[in-house]
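J.: Spelled out from the first residue to the last, the chains are:
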Amino acid sequence: MAKQKNKKLTPTQQQYQRLASSKEPKRPVLKNCLRAFLAGGLICLIGECIRQAFIAFGGFDEKTAANPTVAVLVLISVILTCLGVYDKIAQWAGAGTAVPVTGFANSMASSALEHRAEGIVLGVGAGMFQLAGSVIVFGTFAAFIIGLFYAVFIPDFAGGGH
Amino acid sequence: MLKGHQSWVFENRPAIISTATVVGPFEGQGPLVNDFDIVHGDMYIGQDSWEKAEKSLLEESASKAIEKAGLTKDQIQFYFGGDLMNQIISSSFAARTLSIPYLGVFGACSTSMESLALAAYVVNYNGARHALAGTCSHNASAEKQFRYPTEYGSQKPSTAQYTVTGSGSAVLALEGSGPRVTAATIGRVIDMGITDPFNMGAAMAPAAVDTIQAHFRDLQIEPSYYDLIVTGDLSKVGYEIAGELFKRHNFPIDQTTYQDCGMMIYNYDKQNVQAGASGCACSAVVTYGHLLNRMKRGELKRLLVVATGALLSPLSYQQGESIPCIAHAVAIESE
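These protein sequence lines are chains G and A, in that order. Going by full-length UniProt numbering, the first sequence opens with residue 1, and the numbers climb by one from there. Going by full-length UniProt numbering, the second sequence opens with residue 1, and the numbers climb by one from there.
Think about it this way: if two alpha-carbon atoms lie no more than 16 Å apart in a straight line, the pair counts; the simulated EDC-like pairs of lysine to aspartate or glutamate are:
1. A:K156 <-> A:D196
2. A:K64 <-> A:D37
3. A:K156 <-> G:E24
4. A:K64 <-> A:D35
5. A:K52 <-> G:E118
6. A:K247 <-> A:D210
7. A:K301 <-> A:E333
8. A:K301 <-> A:E335
9. G:K8 <-> A:D191
10. G:K88 <-> A:E143
11. G:K63 <-> G:E48
12. G:K26 <-> A:D196
13. G:K8 <-> A:E321
Because the hints were derived from the structure by calculation, they are not lab data.
Hey, can you work out the whole structure from these sequences and the hints?
T.: This is the structure:
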């Protein structure tokens, strides 16, 4: 891919791109990974605490506690987004705040906030899925493919009836 | 008068009789805060959307510049303005409020010097007694249009730049006192095949170098003619690349001081702006505020401002197009 792209460039452009990439500060991959691990891990730890709290005090069992836990995490993420804090945490945490469900909530809340000025229907309603739309489309598609896989190879599992 | 291939020399030396700069709260925390006329404490500037806020910035700087020149709106014949928004709405809507005959221009972040060069040209040839040049940008409206929603948590790479919230306007006239616009060089569009919208500095550096070299070739002068050459918003990454390109082209930039507006407006230690500043307002507020103040204090006699612009749209880079860039140079000399 990269080579194919390079073919379209003139030798001067290629020479310049080598210069430009040599001057580009290297991305601190190791540091980013470590931060993502710590931030993502912390979010999961908080989630686990909330889940255990729902089991201990909320009358939920191991399985049913998952839904209210996700709802609480989403709520926290939306509140932090509205307070203008989430993006600042994300600059530090990178993938750590993008990958968990909080990142998905942030993508929807931030889009909704951003497009509020264009009205409720065309702004908030349509704009909300600006970033989340592709996650939903490809998430649903991936689930469908995996569902097919189960239906073909492990029909017992897919057929329901626990 | 045309000189060389792409430069104008203004024999009548139009004067910048007044300038006004307006900035947002984040710029107010930077080192140049005392050079701005108005520093806002609120990113919304009392409006209900980012776009309206950006338009207000421009309205304010334009009105303030006219007021400082001791003029009224009806004494300004033409207004040259542009900005980063689609269909340059900030400028056109501000022109609606100002109701001055208006020519909208677009050169992305090079608009500051593009509009100044055009205004100087018109005034030089008696096309107007007074002309107004102005531009603006807003961090949040630029993020919204070109990148992600402002509150979206994405990690910016160290090559990214922070769009300046602000606006700068200047009033030009043949009569009156003020720094003189003596020459301008209109740039070519240069595309070196950079596709990363988070690395505008690298995309724009060759355009800046091309225009600077053209300026000295056309005017047949040496860099030492100027006390200071500034580029608009190359920031750390682009500035270093430009320095390297000058060296490779054997261009004697070290005869003078070469700086970048994008590296002047924020405090790198305290403000998290990655490579530096960008946006139409970056070169506008630094030039019309800080640099012309230095000229008034006698610290600078001859100044060359080379505003740089990346002519991309969100659609063009999603379709895999590289980023075409441009730079326009304007020479300003003290009286």
